[in-house]
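Trainee: Spelled out, the chains give:
2 protein chains.
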Amino acid sequence: MDKQTQLSLAFAALADPTRRAILARLSKGEATVSELSKPFGLRQPTISKHLRVLEEAGFIRQGRDAQRRPRQLVVGGPLKGVDAWIRPFREQWEGRFDNLDSYLENMKRPPK
Amino acid sequence: MDKQTQLSLAFAALADPTRRAILARLSKGEATVSELSKPFGLRQPTISKHLRVLEEAGFIRQGRDAQRRPRQLVVGGPLKGVDAWIRPFREQWEGRFDNLDSYLENMKRPPK
Numbered sequence: 044m045d046k047q048t049q050l051s052l053a054f055a056a057l058a059d060p061t062r063r064a065i066l067a068r069l070s071k072g073e074a075t076v077s078e079l080s081k082p083f084g085l086r087q088p089t090i091s092k093h094l095r096v097l098e099e100a101g102f103i104r105q106g107r108d109a110q111r112r113p114r115q116l117v118v119g120g121p122l123k124g125v126d127a128w129i130r131p132f133r134e135q136w137e138g139r140f141d142n143l144d145s146y147l148e149n150m151k152r153p154p155k
Numbered sequence: 044m045d046k047q048t049q050l051s052l053a054f055a056a057l058a059d060p061t062r063r064a065i066l067a068r069l070s071k072g073e074a075t076v077s078e079l080s081k082p083f084g085l086r087q088p089t090i091s092k093h094l095r096v097l098e099e100a101g102f103i104r105q106g107r108d109a110q111r112r113p114r115q116l117v118v119g120g121p122l123k124g125v126d127a128w129i130r131p132f133r134e135q136w137e138g139r140f141d142n143l144d145s146y147l148e149n150m151k152r153p154p155k
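One line per chain: the protein sequences are A and B, in this order.
In terms of this note's numbering, the numbers along the first sequence are unbroken and rise by one, the last being 155.
In terms of this note's numbering, the numbers along the second sequence are unbroken and rise by one, the last being 155.
All the given hints hold, so there is nothing to weed out.
With a straight-line cut-off of 27 Å between C-alpha atoms, the simulated DSSO-like cross-links for lysine-lysine are:
| id | chain 1 | residue 1 | chain 2 | residue 2 |
| --- | --- | --- | --- | --- |
| 1 | A | K46 | B | K71 |
| 2 | A | K123 | A | K71 |
| 3 | A | K123 | B | K123 |
| 4 | A | K92 | B | K46 |
| 5 | A | K123 | B | K46 |
| 6 | B | K123 | A | K71 |
| 7 | A | K123 | A | K46 |
| 8 | B | K81 | A | K46 |
| 9 | B | K81 | B | K92 |
| 10 | A | K123 | A | K92 |
| 11 | B | K123 | B | K46 |
| 12 | B | K46 | A | K71 |
| 13 | A | K46 | B | K92 |
| 14 | A | K46 | B | K123 |
| 15 | B | K71 | A | K123 |
| 16 | A | K71 | A | K92 |
| 17 | B | K46 | A | K81 |
| 18 | B | K46 | B | K92 |
| 19 | A | K92 | A | K46 |
Since the hints were made in silico from the structure, they are not lab data.
All figures in this text were calculated on a predicted structure; none of them were measured in a lab.
The shape of chain A in the complex, shown without the other chains (with noise of 0.2 Å):
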């Protein structure tokens, strides 16, 4: 998949509430379908379809104990591409008022 797509892929899975408050709990430490069912008031087969959009995105992978099938958080993973994505516009609007002053700076001057 190219660098593109999944970034694409990535925006569209963080697009719903649920999926991000899924993401946040799982920063915390896994859990299994039945684990997010109950605090999150959905029943399983609606968190397993989010999970699905998770982990093909590729936020999320399986934990290691096959039994209970827990998710886990890849720390990380998309969640980098979208930063290094956002990163340009966020040096913008951090240098904004820097901008400003030499706007405000070369409207003192006086006009050739």
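Once you've looked at the hints, dock chain B against the given chain A.
Mentor: This is chain B only, laid out in the frame that chain A set:
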């Protein structure tokens, strides 16, 4: 619009490579539909449709020139929310080697 809905709209808008490329282009300066149409090799109605999605998610707005109707990036905008959502995950993957260190440190201790 509540924060979660706004975040979902933002992620959904970013799930398309053309829309991501348009945002990257607009981060360099405002552009009209026709100015975007050529380099992207897309028809103007297609560009307009993407711009509508980006505008609804709050990423872009109309520039000041009423005649040309350029679109400009909202510096910061919904990307700040996306960035804030990713932050705890970023801290986790950036800290993972520290955690590994302390894990290995614990391994060395004699069992109680």
